[in-house]
Amino acid sequence: MYGTQSRRAISFEFQSQIPNLRPSIHTRRANITVKFQDLYGFTVEGNVDDVNVLNEVREKVREQGRVWWALEASKGANWYLQPQISSISEGIALKSSLKFSTLANSITLKKLIRKGIPPVLRPKVWFSLSGAAKKKSTVPESYYNDLTKAVEGKVTPATRQIDHDLPRTFPGHPWLDTPEGHAALRRVLVGYSFRDSDVGYCQGLNYVAALLLLVMKTEEDAFWMLAVLLENVLVNDCYTTNLSGCHVEQRVFKDLLAKKCPRIAAHLEALEFDVSLVCPEWFLCLFSKSLPSETTMRVWDVLFYEGAKSLFHVALAIFKMKEEELLLAHQVGDVINILQKTTHHLFDPDELLTVAFDKIGSMTTNTISKQRKKQEPAVMAELDQRLRRLNSLKVDDK
Amino acid sequence: MATSGNKNINAKLVLLGDVGAGKSSLVLRFVKGQFVEFQESTIGAAFFSQTLAVNDATVKFEIWDTAGQERYHSLAPMYYRGAAAAIIVFDITNQTSFDRAKKWVQELQAQGNPNMVMALAGNKADLLDARKVTAEEAQAYAQENGLFFLETSAKTATNVNDIFYEIAKRLPRAQPVENPSGMVLMDRPAERAASASCCS
Numbered sequence: 001m002y003g004t005q006s007r008r009a010i011s012f013e014f015q016s017q018i019p020n021l022r023p024s025i026h027t028r029r030a031n032i033t034v035k036f037q038d039l040y041g042f043t044v045e046g047n048v049d050d051v052n053v054l055n056e057v058r059e060k061v062r063e064q065g066r067v068w069w070a071l072e073a074s075k076g077a078n079w080y081l082q083p084q085i086s087s088i089s090e091g092i093a094l095k096s097s098l099k100f101s102t103l104a105n106s107i108t109l110k111k112l113i114r115k116g117i118p119p120v121l122r123p124k125v126w127f128s129l130s131g132a133a134k135k136k137s138t139v140p141e142s143y144y145n146d147l148t149k150a151v152e153g154k155v156t157p158a159t160r161q162i163d164h165d166l167p168r169t170f171p172g173h174p175w176l177d178t179p180e181g182h183a184a185l186r187r188v189l190v191g192y193s194f195r196d197s198d199v200g201y202c203q204g205l206n207y208v209a210a211l212l213l214l215v216m217k218t219e220e221d222a223f224w225m226l227a228v229l230l231e232n233v234l235v236n237d238c239y240t241t242n243l244s245g246c247h248v249e250q251r252v253f254k255d256l257l258a259k260k261c262p263r264i265a266a267h268l269e270a271l272e273f274d275v276s277l278v279c280p281e282w283f284l285c286l287f288s289k290s291l292p293s294e295t296t297m298r299v300w301d302v303l304f305y306e307g308a309k310s311l312f313h314v315a316l317a318i319f320k321m322k323e324e325e326l327l328l329a330h331q332v333g334d335v336i337n338i339l340q341k342t343t344h345h346l347f348d349p350d351e352l353l354t355v356a357f358d359k360i361g362s363m364t365t366n367t368i369s370k371q372r373k374k375q376e377p378a379v380m381a382e383l384d385q386r387l388r389r390l391n392s393l394k395v396d397d398k
Numbered sequence: 001m002a003t004s005g006n007k008n009i010n011a012k013l014v015l016l017g018d019v020g021a022g023k024s025s026l027v028l029r030f031v032k033g034q035f036v037e038f039q040e041s042t043i044g045a046a047f048f049s050q051t052l053a054v055n056d057a058t059v060k061f062e063i064w065d066t067a068g069q070e071r072y073h074s075l076a077p078m079y080y081r082g083a084a085a086a087i088i089v090f091d092i093t094n095q096t097s098f099d100r101a102k103k104w105v106q107e108l109q110a111q112g113n114p115n116m117v118m119a120l121a122g123n124k125a126d127l128l129d130a131r132k133v134t135a136e137e138a139q140a141y142a143q144e145n146g147l148f149f150l151e152t153s154a155k156t157a158t159n160v161n162d163i164f165y166e167i168a169k170r171l172p173r174a175q176p177v178e179n180p181s182g183m184v185l186m187d188r189p190a191e192r193a194a195s196a197s198c199c200s
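Protein chains in written order, with UniProt numbering: chain X, 1 to 398; chain B, 1 to 200.
Read the hints as simulated data drawn from the structure, not as lab findings.
Nothing here was measured: the structure is a model prediction, and the numbers come from that model.
Be a bit skeptical, because a hint or two may be false.
Derived lysine-lysine pairs resembling DSBU-like cross-links, with alpha carbons at most 35 Å apart [claimed, not checked]: (1) 132/B / 254/X; (2) 102/B / 154/X; (3) 32/B / 35/X; (4) 154/X / 124/X; (5) 35/X / 103/B; (6) 154/X / 132/B; (7) 103/B / 374/X; (8) 32/B / 320/X; (9) 169/B / 35/X; (10) 373/X / 103/B; (11) 124/X / 134/X; (12) 155/B / 35/X; (13) 322/X / 32/B; (14) 373/X / 110/X; (15) 322/X / 75/X; (16) 259/X / 7/B; (17) 359/X / 75/X; (18) 322/X / 7/B; (19) 110/X / 217/X; (20) 260/X / 102/B; (21) 254/X / 103/B; (22) 260/X / 60/B; (23) 169/B / 341/X; (24) 169/B / 103/B; (25) 322/X / 60/B; (26) 154/X / 155/B; (27) 103/B / 154/X; (28) 259/X / 320/X; (29) 217/X / 75/X; (30) 254/X / 155/B; (31) 341/X / 32/B; (32) 320/X / 60/B; (33) 341/X / 155/B; (34) 341/X / 132/B.
Extracted from the complex, chain B is given alone in its bound form:
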């Protein structure tokens, strides 16, 4: 089914970040091109899908937009398990949300898929006057931790599509589509290999 040079990739993507950082707004902008000032608070997680064409492949993102409140974090492993990519979102006008983002990065590095493509989004970039986290600081942190960083604004649409495109470009292209259902889970080979070695 799959022809060389035209790959279909299904990629699970998870958005994590502090409450009110703008996770749902980023998704709404990317999936529907819309922005609302007051986005309903997400409970558990919300699911969206969106397809992007990049260079040699069509990437279908299966997006899990998670709830930000601290007590909901106990549900997060379900959503980032098996994810090929993550966007960790913070609000540039809120230092606490940046600290929270760092914690998410730590957790993903320790628990997530080791090949996960991670992006750091400094959202609400339109609110320059209220800025508390500098782009330099976030950029330095991202570099140290192997993430790529973009400042985004769901409100003005700045860099929103770009961050998803950039992720799509960075997704590993190793496996051609062999599964008849068209499902390619990026992390499977590594996970399977690991569990096989410990069980046999």
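For reference, chain X alone in the conformation it holds in the complex:
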């Protein structure tokens, strides 16, 4: 009914059409920019090295698939979807009755997920481990269907903004930028805007929902992933009026950078570079606008299992990876250019995730929560002050 069948058909079709790009002798020259399609059908520009990296990534994805199948053979089908396993990652206190095997499985799974979920398993694993399946199970079967029907034809500021953004969401993508792709994205975003009127629609969600549609098996599952993301995985109020949650995250991140990468933080401070010049896009689009698609998916693999703190790991890693270069930067513009160039060319997800999870050091969800609590009052005061100032301007004007 929603045309999901044919979308999947198309998406598999274009995946199989992608030639395995082996650079010819003629292109084996440095700095030649080539355009190619990545694993999720996005056209990217890169040099010959990038193409090679992407081919290696394809091979690694296949290898990782074999690891998952082998484990499935020894531990039983869907072993990773057992509720006890996922609850450990959520920090729920270990019960003494918990079996050793379950604990072992949970450790295995965490490592496994950091190495990447094979694309074919992603819809199933994400849906279960993120809590989307549970969320969906608490409402009647027909919830999504009823919701989309009920809101059909209604016009609100949110729907107007969504309509404006549909053709501006990954333009040129072979499925997203088609009438069918626009219609599916519209139903998900409009549906959600009615589910949570505090969020309504916030620019940035269009990119997030678009990638969810590309990954998940059905439009309905993409909707539930968006719901669990906004309602459970991410911090509150990231996307509501004033983006206060996003302001909080940036302050927390600024402190983390100072703690984990003190040299970089001190240098950037001297340049009067503030992390909030680059971070809103990272945190609000969950890197989907900054990183290549498979790298973004790998970040999301961890995000859905380990929670929002993984975004900090990744953001810190981006700075950490370029420490030497950043320390040589003289101007804010240089810093931005280094970061942009880095993120756009991170075609090898392991390069990023190894730094993010092996070299940053651990950060517990508990510590991060405390940091957030600490920053909240300051953010609220700042936003409130700004609002008052602007309101007083209006009065003066009259």
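Let chain X serve as the given structure and place chain B on it in line with the hints.
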């Protein structure tokens, strides 16, 4: 390093305006000479740099193209803080976007750098049939508020380079380059002076 008569100026420039007014399109036209019908929506802000030679100086613009949706406005102070120039963009076919532009002007006048060069761009000037804001109205408003006004079209390139050139010409030329890194922040002296007087 700096020789007289050949100054290098770094200028932070911010684009503000309603969603869909064409901020990103103006920047894309100016920086890359391109136009696309559907420009990806900007989240947070996007950064570009472009250098212009005007008369006696080379101006390197560090351009912050901001997101237009209302809730993103809480992030804007970060981008206009310390800016030497601003382009406030509205869509000539959309009255609301002109009202929004006025609000930005107000905010910059109250919060921004007092020496900021401000330009008002009435974009989508190619869509004459759909015009809702007259050039006279916008011109009058600009004059009253000390801005200069141009109607632009990112699509046809009309007046796009001109608006950046005009800003470059109007930037204060007071400080020669003394900072070895080549950074000259136009607003610093005023800001420093102000904070010094209140702290000492």
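Report task. Starting from the hint list further up, note which numbers the structure goes against and sort them upward. Result -> Per hint list: 1, 5, 9, 15, 16, 20, 30, 34 violated.
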